[in-house]
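Q: Sequence:
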Amino acid sequence: MADSGIGARAPVIEITGLTVALPRGGDRRHAVEDISLTVGPGEIVCVVGESGSGKSVTAQAVMGLLPKGQLTLESGSIKLEGDELTTKSPAEIRALRGAR
Numbered sequence: 001m002a003d004s005g006i007g008a009r010a011p012v013i014e015i016t017g018l019t020v021a022l023p024r025g026g027d028r029r030h031a032v033e034d035i036s037l038t039v040g041p042g043e044i045v046c047v048v049g050e051s052g053s054g055k056s057v058t059a060q061a062v063m064g065l066l067p068k069g070q071l072t073l074e075s076g077s078i079k080l081e082g083d084e085l086t087t088k089s090p091a092e093i094r095a096l097r098g099a100r
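FYI, in the numbering used here the residues of the sequence shown are 1 to 100.
Calculated from the structure, these hints are not laboratory results.
Here the structure is a predicted model, which means the values were calculated and not measured.
Don't take every hint at face value.
Said to hold, decoys possible - Think about it this way: if two alpha-carbon atoms lie no more than 20 Å apart in a straight line, the pair counts; the simulated EDC-like pairs of lysine to aspartate or glutamate are: (1) Lys68 - Glu92; (2) Lys55 - Glu92; (3) Lys55 - Asp34.
Produce the entire structure from the sequences given, and follow the hints as far as they go.
A: And the structure:
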């Protein structure tokens, strides 16, 4: 018998191996490196870290709002309700943001 609880439902957000590169010449190569997290239906997740640890960059990557020419999604997967976001065009991302 299948579990009908929250654990049995697909994740709302699933981030796997997210790495965002900084411009060359900085003090480090990546703003975030190999971040993975899952947010299930009904869950509340708090991302905590020091200033400069990548909290805002992670959120910008999820929303498709990384500053062009400054930060680059180098690798990883971001799924919204199972739908891969990293391969969508800017227009498709805007439509998703407006529809939810």
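Q: A separate judgement is required for each hint: does it hold in the structure or not?
A: Results of checking the hints against the structure:
{"no.": "1", "hint": "Lys68 - Glu92", "in the structure": "17 Å, holds"}
{"no.": "2", "hint": "Lys55 - Glu92", "in the structure": "24 Å, violated"}
{"no.": "3", "hint": "Lys55 - Asp34", "in the structure": "13 Å, holds"}
Checked against the numbered hints listed earlier, the structure breaks hint 2 alone; every other hint is satisfied.
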